[in-house]
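Residues per chain are reported as follows:
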Amino acid sequence: MSTIDFKRRAVAGRGIPVTGNDIDTDRIIPARYLKEVTFESMGEHAFEDAKKANPEHPFNSPAYKGASVLVVGQNFGCGSSREHAPQALMRWGISAIVGGSFGEIFFGNCTMLGIPCLTVSQADLEWLQKAIERSPKEAVSVDVEKQEVRFGDKVIQARVPDGPRNQLVQGTWDSTAVLLEAGNAIEATAKKLPYVSGF
Amino acid sequence: MARTLLDKVWEAHTVRTLPSGQTQLLIGLHLIHEVTTPQAFQMLKDSKLKVRMPERTFATLDHIIPTTDQTRPYADPLAEEMAVHMIRNAKDFGVPLFDMSTGKQGIVHVIGPELGLSQPGMTIACGDSHTSTHGAVGAIAFGIGTTQVRDVLATQCLAMAKPKLRQVRVEGQLAKGVYAKDVILYIIQVLGVKGGVGYAYEYAGSVIDRMTMEERLTVCNMSIEGGARCGYVNPDQTTIDYMKGRPYVPQGAGFDRAATWWKSVATEPGAAFDDVKTLDGASIEPVVTWGINPGMSVGVSQAIPSPDAQAEAERPTFREALAHMDFKAGQPIKGAKIDVAFVGSCTNGRLSDLRAAAEVAKKGKVAKHVRALIVPGSQQVEKAAEAEGLHEIFKAAGFEWRKAGCSMCLGMNPDQLVGREMSASSSNRNFIGRQGSPTGRTLLMSPAMVAAAAITGAVADVREILK
Numbered sequence: 001m002s003t004i005d006f007k008r009r010a011v012a013g014r015g016i017p018v019t020g021n022d023i024d025t026d027r028i029i030p031a032r033y034l035k036e037v038t039f040e041s042m043g044e045h046a047f048e049d050a051k052k053a054n055p056e057h058p059f060n061s062p063a064y065k066g067a068s069v070l071v072v073g074q075n076f077g078c079g080s081s082r083e084h085a086p087q088a089l090m091r092w093g094i095s096a097i098v099g100g101s102f103g104e105i106f107f108g109n110c111t112m113l114g115i116p117c118l119t120v121s122q123a124d125l126e127w128l129q130k131a132i133e134r135s136p137k138e139a140v141s142v143d144v145e146k147q148e149v150r151f152g153d154k155v156i157q158a159r160v161p162d163g164p165r166n167q168l169v170q171g172t173w174d175s176t177a178v179l180l181e182a183g184n185a186i187e188a189t190a191k192k193l194p195y196v197s198g199f
Numbered sequence: 001m002a003r004t005l006l007d008k009v010w011e012a013h014t015v016r017t018l019p020s021g022q023t024q025l026l027i028g029l030h031l032i033h034e035v036t037t038p039q040a041f042q043m044l045k046d047s048k049l050k051v052r053m054p055e056r057t058f059a060t061l062d063h064i065i066p067t068t069d070q071t072r073p074y075a076d077p078l079a080e081e082m083a084v085h086m087i088r089n090a091k092d093f094g095v096p097l098f099d100m101s102t103g104k105q106g107i108v109h110v111i112g113p114e115l116g117l118s119q120p121g122m123t124i125a126c127g128d129s130h131t132s133t134h135g136a137v138g139a140i141a142f143g144i145g146t147t148q149v150r151d152v153l154a155t156q157c158l159a160m161a162k163p164k165l166r167q168v169r170v171e172g173q174l175a176k177g178v179y180a181k182d183v184i185l186y187i188i189q190v191l192g193v194k195g196g197v198g199y200a201y202e203y204a205g206s207v208i209d210r211m212t213m214e215e216r217l218t219v220c221n222m223s224i225e226g227g228a229r230c231g232y233v234n235p236d237q238t239t240i241d242y243m244k245g246r247p248y249v250p251q252g253a254g255f256d257r258a259a260t261w262w263k264s265v266a267t268e269p270g271a272a273f274d275d276v277k278t279l280d281g282a283s284i285e286p287v288v289t290w291g292i293n294p295g296m297s298v299g300v301s302q303a304i305p306s307p308d309a310q311a312e313a314e315r316p317t318f319r320e321a322l323a324h325m326d327f328k329a330g331q332p333i334k335g336a337k338i339d340v341a342f343v344g345s346c347t348n349g350r351l352s353d354l355r356a357a358a359e360v361a362k363k364g365k366v367a368k369h370v371r372a373l374i375v376p377g378s379q380q381v382e383k384a385a386e387a388e389g390l391h392e393i394f395k396a397a398g399f400e401w402r403k404a405g406c407s408m409c410l411g412m413n414p415d416q417l418v419g420r421e422m423s424a425s426s427s428n429r430n431f432i433g434r435q436g437s438p439t440g441r442t443l444l445m446s447p448a449m450v451a452a453a454a455i456t457g458a459v460a461d462v463r464e465i466l467k
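Going line by line, the protein sequences match chains R and L.
Position 17 of the first sequence, counted from 1, bears residue number 17 in the working numbering, the numbering being contiguous throughout.
Position 61 of the second sequence, counted from 1, bears residue number 61 in the working numbering, the numbering being contiguous throughout.
The shape of chain L in the complex, shown without the other chains (with noise of 0.2 Å):
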């Protein structure tokens, strides 16, 4: 019977089937990162226990590290404590650690593809919720709690059960200006925050399979905001382009073997799925959040939806929503005025996503009354856009160009919301708070989309700046 790559990794890594019913599942990779170890580590030094293999496990700084001054001790107390503490388990425990003096520090998901760390085939975790980005490679990648950092810290292991798998096929073509994060959050507004509950998504059909390796790290990094698992793509020929000549990945003769093995994890032709549901690329437009999940969204020319039109169950998060973002049902969300713009994330920290949002960095000033960040997903992506002199793009533009790091994604560093503040973001969540401000309000959309607003000072239609 034809196999999918879930069957075949799951099965690999398959330790014993425990007594739950659940799978012992061995992890070929760990990643790990300050805010979710130090009470893993304790546990572990408690039950004087080391790091099962300390050579599959790789840890970086990236939630609470300040993107302006790095020099340490930083200036919020808490922080440095978290930084402590990962540098001293890092070194009690035997594990890599790559922080700013490495130049390749940066978020946890961008480093981890871009070094080859994540490879197709292996099993991921890290606890961390986008750790599903990692299935872009071709990988099986969970994002996991502190107690389960500490089963996979001390027994490189999780117990899991096996997830359902649907396949969400993206046929078509995609327009001008419609980039990898309004497919992902196309996907999400179609099959709902919590449509994915209960599988993993395997991502296929010819948008995704012209997809560059960047964009597909984009689409899996959201699987987790439509509710899965994990989500992955088949390792193609795109994914063994990407993965030569990586710090990690085998060189020569093992490269060449390497490749035939990850070609041979992929899903065979005929297998079967728990549920496949297409959509047509073609009629996707610019994706803008306008409410408090990442499902609550429209495309951009579209206006925001009334609580009346939904399900009877919906209506109260629908009314809250627009309570807290003190938008109207049916008002466009075309023009809606913006004070903060933020490029970057473990979604859209990468070269490609910089680049895109350069190409609309250079058609205007940023509004005055906006606020621009610019934050390169990892030291490498920092010094690669330099490089190709970014920076200078963005900084004539009126943008902050900062350092690698998690910045106004998540609150947990200096780059915050203020106030009732709007921000125009390129990252993965628009939860209430989640920038920092209790009563801060995020719109996410694409990287592209954000440069759009930052410069028309309003949720803009990049299709119309980029003509």
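Excised from the complex, chain R in its bound form (with noise of 0.2 Å):
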């Protein structure tokens, strides 16, 4: 694991802009392919209903392929805990998300793969979606570290809370690794519990 650089300081790259608000994770991965016993596949079907039902969704545009800066409403994410969203989005090729807010269970999910979300003023995110459609091949640049989103000359103040943030510009989002670093202080902690002890 020590060949990969964990550290997610910044990412730059196209943008593809998902207006609206209360984008639920049944919506960005539809629960049929949850059957599915592992991640790889899910990639195809990100936004699967949304773009059958929509020939204009911007999953389905030319104009966006190869996009890796998601720019989203409020609330993005909400619903099921299913981390099978974000996979399907990062299988898809997002790399950072841009968002008026996030649901908290995907928010987590997404850190935990590497993913940034990071939050901005609804004027920002409205002016950046736009932005992004008159300009899809100019590329996004996200500034974990600084917090801070560019496109052209404009620079955009963002916020990712401190936790997820040095978790990303650290590297140490894998957290089992971390979390093992504990040693015997885990067992400690159960043992002082008395449900665990015995009442």
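Honestly, I wouldn't trust all of these hints.
[Unchecked claim] Distance condition first, Cα-Cα at most 20 Å in a straight line; then the derived EDC-like pairs of lysine to aspartate or glutamate: (1) R:K35 with L:E80; (2) R:K65 with R:E133; (3) R:K130 with L:E314; (4) L:K45 with R:E40; (5) L:K162 with R:D162; (6) R:K51 with L:E320; (7) L:K8 with R:E187; (8) R:K191 with L:E55; (9) R:K192 with L:D7; (10) R:K130 with L:E312; (11) L:K176 with L:E359; (12) L:K50 with R:E181; (13) L:K50 with R:E187; (14) L:K362 with L:E386; (15) L:K337 with L:D326; (16) L:K164 with R:D162; (17) R:K52 with L:E320; (18) R:K192 with L:E55.
[Claimed, not checked] To spell it out: a stretch of chain R is covered by chain L in this simulated footprint if at least three of its residues, at any positions, have a beta carbon under 8 Å from a beta carbon of chain L; those stretches are: (19) 103–117; (20) 190–198.
Derived from the structure by calculation, the hints contain no laboratory data.
Cβ atoms here follow ideal geometry from the backbone N, Cα and C, with glycine treated the same way.
Join these two chains into a complex; the hints should help.
Rendered as structure tokens:
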């Protein structure tokens, strides 16, 4: 694992806007694809029903093929805890998400996959979505460390809470490895709990 | 300084503070099921890791199982493969599995409390967002993703930031025909689907205090639909009476010691909250969702709101919801025709839910054009309901009596909507596509209201039927 660089200080790539608020994880990946025992094919099914229902859906558009920075509205990823949702986006090619706000479990799942989710103001996200629509070939620069999103000349203030930002910047979002470092302190904490040691 | 349950449980389970600033939090109970674990077990195998505390880990099968013919292999090969993985992983890693042969199988959020696995003062995690359910017994219970499932399997811990705490007080007296489901749908309607982001919810006030444990489970279940990371009710005498005699709860003198500790974790008088919201229980009427998220709801006597009356940022979602549901702003929700009625799920698949639905089912017959399903939340609920003859009441009224499972809540098993079908459902989510058909439509309501809709053939006011 040490050969992989886990640090996610900054991500840059072409943008893809998905407008609308409260886009839930059922929308991102319909439940029928949860029956797969691996995540491998999830990318093909990202937004599948939304794409079928709307030929104009950005995930259908050739203009956004190869995009890696997803720009969304408020409460994106609300609903089910399915990690299949960020897995589907990641395997489709998304490596950072900029939005108004995020469902909390979705946000945590993204962080654990090394996908930074940055929050920006409603005005900035609307501006950014429109700017990307106008110039889909231009790169969006996402600086996790500085909490900034750049597009053309414009610098947008963004926010990532301290905990996840530190994990992303320091490359410690591979949580199992970090948690294992606690060693016997885990069992020691458990033994102090009356329901573990016996009432 | 007076402390909250969240403070006390958090502190007791803190292993250390991580370099990220998050807490390494010990998880006292890890519940697992077939859908969100195969990838996690694979990651464990790849890293040659064991399950750290298999004795604190319990598995069941719920999401993908059919509720009619449960003989293996299942007709759906993908469902069968998931079951095979769960059974094999449980065996390989030494985790107890409540499968059909145990008589204890059921929806993970029904069996946890039912078996006494979920106890006050615990931290509980499960790879399912409705894990917030278990907070009803006075636990801090989180829904987690698959990589976090791997973390808990391998380390019995999660890296978590402590949420802020909002006390949600519901005071006064509920009217007849108004149930716990209406209370939580109303809370979400008032506070919004993202109102709880960043918060844990402590439910309190006289309405919550008077609730039975099963009612509290319904309320806490949908905390996540209000955006909250978890929700809980402080342990009280109702909690202690509920825990007594359950298979995984200590007996005799051990029970008394446990009860003393459980009471000691409750929020102390005078403790401070980051926020307090108070709602009037008397103003709640039976609630029905009309849209595509659980916050889009109205009282049954009300009309569907207009997008123009909303904040500008909300208008597109409102318009999308009206278009998907084929509703018009200003249309009364009462009288909306339904095709399917579903009573079940981790929200409302317990014995008291089935009793409430049966009470209404006695008053009529399922309308000719309606397909109506009653799905118990666990094998034990199924058995208890049959012992009371509830299944006979349902069958006589034209409802199908099914076997335990998640069923039509989520479109992962054969129980699904077809095409544009409109469903009156006691489940928790009305997201587009949630019940299996990408164009299907869902109206969330209480089990009694579902039964009322089933016999009327359209959304009805259960208070008029129960008169």
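Given the proposed pairing of K130 of chain R with E314 of chain L, does the C-alpha separation stay at or below 20 Å?
-> At roughly 18 Å apart (the allowed maximum being 20 Å), E314 of chain L and K130 of chain R satisfy the hint.
Distance restraint between K65 of chain R and E133 of chain R, which requires alpha-carbon spacing of 20 Å or less | holds (13 Å)
Distance restraint between K45 of chain L and E40 of chain R, which requires alpha-carbon spacing of 20 Å or less | holds (17 Å)
Verify the proposed pairing of K52 of chain R with E320 of chain L, using a straight-line Cα cut of 20 Å.
-> holds (16 Å)
Pairwise hint evaluation, E55 of chain L against K191 of chain R, where the allowed Cα distance is 20 Å at most = Answer holds: K191 of chain R to E55 of chain L is near 13 Å, not above 20 Å.
Could you grab the alpha-carbon distance between K192 of chain R and E55 of chain L and see if it respects the 20 Å cut-off?
-> Distance of about 16 Å is within 20 Å: holds.
Is the hinted pair K362 of chain L and E386 of chain L satisfied, with a Cα-Cα distance of at most 20 Å?
-> holds (16 Å)
Given the hinted pair K51 of chain R and E320 of chain L, is their alpha-carbon gap at most 20 Å?
-> The hint holds at about 15 Å.
Compare the distance between the alpha carbons of K50 of chain L and E181 of chain R with 20 Å, and conclude whether the hinted pair is satisfied.
-> holds (15 Å)
Per the coverage rule (Cβ-Cβ under 8 Å, at least three residues), is the segment 190–198 of chain R covered by chain L?
-> The restraint on the segment 190–198 of chain R holds, since 7 of its residues have a Cβ under 8 Å from chain L and three suffice.
Does the structure keep K192 of chain R and D7 of chain L at a Cα separation of 20 Å or less?
-> Holds, at about 16 Å.
Does D162 of chain R lie within 20 Å of K164 of chain L when you go C-alpha to C-alpha?
-> holds (15 Å)
Hint compliance for this structure: no hint is broken.
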